[in-house]
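Protein chains: 2
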Amino acid sequence: MKLFKIFSLFMLLALAVNVSAQKKYVMVIHGGAGTILKKNMTPEKEATYVATLTKALQAGYAEIKAGKSSLDAVEATIHVLENDPHFNAGKGAVFTHDGRNELDAAIMDGKTLMAGAVAGVTTVKNPISAARAVMEKSEHVMMVGSGADLFAKDAGLEIVDPKYFWTKERWDGLQEAIKEDSTKAVLDLGSKKSGLLGIKNHDYKFGTVGCVALDQAGNLASGTSTGGMTNKKYGRVGDAPIIGAGTYCNNETAGISCTGWGEFYIRNVVAKTISDLMEYKGLSVAEASKMALDKVGKMGGDGGLIALDKKGNVAMPFNTEGMYRGTITADGKIEVSIYK
Amino acid sequence: MKLFKIFSLFMLLALAVNVSAQKKYVMVIHGGAGTILKKNMTPEKEATYVATLTKALQAGYAEIKAGKSSLDAVEATIHVLENDPHFNAGKGAVFTHDGRNELDAAIMDGKTLMAGAVAGVTTVKNPISAARAVMEKSEHVMMVGSGADLFAKDAGLEIVDPKYFWTKERWDGLQEAIKEDSTKAVLDLGSKKSGLLGIKNHDYKFGTVGCVALDQAGNLASGTSTGGMTNKKYGRVGDAPIIGAGTYCNNETAGISCTGWGEFYIRNVVAKTISDLMEYKGLSVAEASKMALDKVGKMGGDGGLIALDKKGNVAMPFNTEGMYRGTITADGKIEVSIYK
Chain A
20 MKLFKIFSLF MLLALAVNVS AQKKYVMVIH GGAGTILKKN MTPEKEATYV ATLTKALQAG
80 YAEIKAGKSS LDAVEATIHV LENDPHFNAG KGAVFTHDGR NELDAAIMDG KTLMAGAVAG
140 VTTVKNPISA ARAVMEKSEH VMMVGSGADL FAKDAGLEIV DPKYFWTKER WDGLQEAIKE
200 DSTKAVLDLG SKKSGLLGIK NHDYKFGTVG CVALDQAGNL ASGTSTGGMT NKKYGRVGDA
260 PIIGAGTYCN NETAGISCTG WGEFYIRNVV AKTISDLMEY KGLSVAEASK MALDKVGKMG
320 GDGGLIALDK KGNVAMPFNT EGMYRGTITA DGKIEVSIYK
Chain B
20 MKLFKIFSLF MLLALAVNVS AQKKYVMVIH GGAGTILKKN MTPEKEATYV ATLTKALQAG
80 YAEIKAGKSS LDAVEATIHV LENDPHFNAG KGAVFTHDGR NELDAAIMDG KTLMAGAVAG
140 VTTVKNPISA ARAVMEKSEH VMMVGSGADL FAKDAGLEIV DPKYFWTKER WDGLQEAIKE
200 DSTKAVLDLG SKKSGLLGIK NHDYKFGTVG CVALDQAGNL ASGTSTGGMT NKKYGRVGDA
260 PIIGAGTYCN NETAGISCTG WGEFYIRNVV AKTISDLMEY KGLSVAEASK MALDKVGKMG
320 GDGGLIALDK KGNVAMPFNT EGMYRGTITA DGKIEVSIYK
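If you read the protein sequences in the order shown, they are chains A and B.
So the mapping is simple: our numbering equals the position in the first sequence, first residue as 1, plus 19.
So the mapping is simple: our numbering equals the position in the second sequence, first residue as 1, plus 19.
Do not rely on the hints blindly, as some may be mistaken.
One copy or any two copies: either way a pair holds, since identical chains are not told apart in the list.
To be verified - Keeping only pairs whose Cα atoms sit at most 35 Å apart, straight-line, the calculated DSBU-like set for lysine-lysine is:
#1 Lys172 with Lys57
#2 Lys330 with Lys352
#3 Lys58 with Lys87
#4 Lys172 with Lys187
Hints are computed from structural coordinates only; laboratory data are not their basis.
All chains should be modelled from the sequences, with the hints used to inform the complete structure.
Listed below in structure tokens is the structure:
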């Protein structure tokens with residue numbers, strides 16, 4: 020009995036040390052998951068990615084430090100990533116099959132469970148702000164297409180000519196995808212496997228940016244923004260603007276933003292699954308995130324996600340070669356990674 | 020000890036009697052929840068609703084009896100409701116602010132977790148079939164706007180002139196909503212409460228049709244179809260086409276279709292929450308459905324939902340005055356209800 024007491028004391032002590040040593044994260048971001056290999060990267064390109072991810076974290080952290088809300092932090096952070104042509108969101112959005120840029124975004128407030136999302140906008144400079152406007156300036160949660168563009172304009176957001184989103188790299192990417200597609204895909208409704216209407220270009224699907232933030236008041240917020248899938252047709256919408264799939268946030272559990280093969284994230288309702296695994300099964304944010312991503316993997320999907328709980332615990336699992344990602348702690352320490 | 024044994028035996032017996040007495044449902048449908056009061060209904064109108072709900076159940080039941088899949092049953096059932104002008108889906112779709120009919124639908128296969136959804140289509144006679152085509156004839160889950168219309172055409176579905184969806188009742192409804200709205204709503208971004216861009220016409224939001232079916236192979240499928248919200252602006256999309264929110268299906272738990280104030284269903288990811296409460300917390304389909312709807316109610320939202328689990332247990336909770344609903348058992352017994 021005495022031995023047991025000593026052992027218990029020791030365990031408690033170990034736990035206390037562990038907790039105090041644990042870092043408290045206040046933000047986590049991603050810039051997309053996918054086939055990101057070191058061998059395909061130049062030191063200059065790598066430095067550019069690291070610099071933008073760092074700048075994005077700093078922008079959000081400044082908001083948190085100034086006592087602003089986690090929503091402000093998420094919006095400021097995602098603006099940096101949307102305005103950088105290297106990420107598939109905002110300025111760097113990929114092209115649809117028709118040579119257009121159709122952007123999607125969502126944001127959610129963990130305190131109130133308010134949410135906003137837009138899909139298929141073509142003239143909003145910063146889609147994450149359009150999503151926030153839908154949340155705060157309308158009674159709705161989701162708006163799509165030209166209606167969403169009109170709403171953003173009426174809400175006073177910065178509207179740009181669709182040409183703003185034209186970048187040489189993405190245009191070349193579309194031409195490449197079309198070329199590859201015309202070789203690979205067969206538009207034949209009769210046959211079973213190749214008979215799918217749509218385009219098989221899975222390597223182009225992983226660019227998305229996202230952020231989860233925890234403010235001084237202890238409130239979580241998360242947001243996701245994307246240019247979708249290169250060469251996408253038929254007004255395809257992925258998981259990013261779907262509340263529960265690519266984006267979800269709840270103070271009681273965690274804030275989540277996903278990136279990857281969107282269809283699998285929608286079918287698995289990944290972000291809400293993580294929250295429910297925490298709420299109903301008592302899993303940690305790391306365990307829940309891993310389990311949800313494993314479901315995606317088992318089905319044949321891939322990608323990654325970021326999650327942050329109210330205590331500042333972070334999870335950043337991915338089952339691809341790499342994921343642009345970064346964190347910042349309460350005391351301002353930044354960590355940025357790209358590969359496994 | 021002996022007493023306890025006798026008691027246990029008695030309990031087991033009671034349970035066995037209860038199980039054998041329990042009905043096995045193979046289909047459940049809804050035709051929308053809302054302010055449906057007996058005093059506003061004529062006997063003729065009531066009879067029309069009951070007749071169509073009965074016809075819809077019979078159409079799906081015929082598929083199941085013929086050994087077809089639950090997906091076939093859901094599609095056949097929803098066709099009947101979409102083709103009837105009394106329900107806010109397909110032919111009876113309500114009008115947007117601009118005098119258009121924009122339709123949304125989703126379908127999900129509980130066996131494979133495959134899913135399909137369309138939002139904002141204007142030329143597809145039966146949006147539930149467009150959702151199914153997205154699921155089966157593309158690699159995508161969701162398509163929106165004119166892209167989705169084009170896809171439906173390419174997939175060989177019946178395309179109609181948008182005029183097909185014009186009905187006098189819905190047109191009058193729009194005029195009424197616009198009149199009411201111009202009195203009530205103030206489009207003023209400056210003020211807080213009345214300053215929302217969008218329109219407050221909550222009484223017009225509840226028309227949606229849905230179905231969950233269980234086939235002879237033991238597979239579940241669920242589907243939802245809607246014309247959205249009368250007088251809606253800005254390309255608003257509700258919960259019906261959002262997998263996890265208004266529609267979800269999983270053989271391991273249940274098939275679910277929701278109807279109600281869509282924004283609250285999206286924010287609560289209602290359909291997936293029900294599935295997760297069953298999977299992770301071990302609740303019954305009735306308990307899980309009630310708990311999920313209570314979350315909506317606590318937030319200020321209202322509506323209803325239908326759910327059916329693999330064993331044929333059904334749940335049809337709603338927190339509105341009424342919900343058009345019906346069930347059919349394995350041996351063909353139909354029950355249809357409207358009020359509380």
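**Prompt:** Hints broken by the structure, by number, lowest first?
**Reply:** 1 and 3
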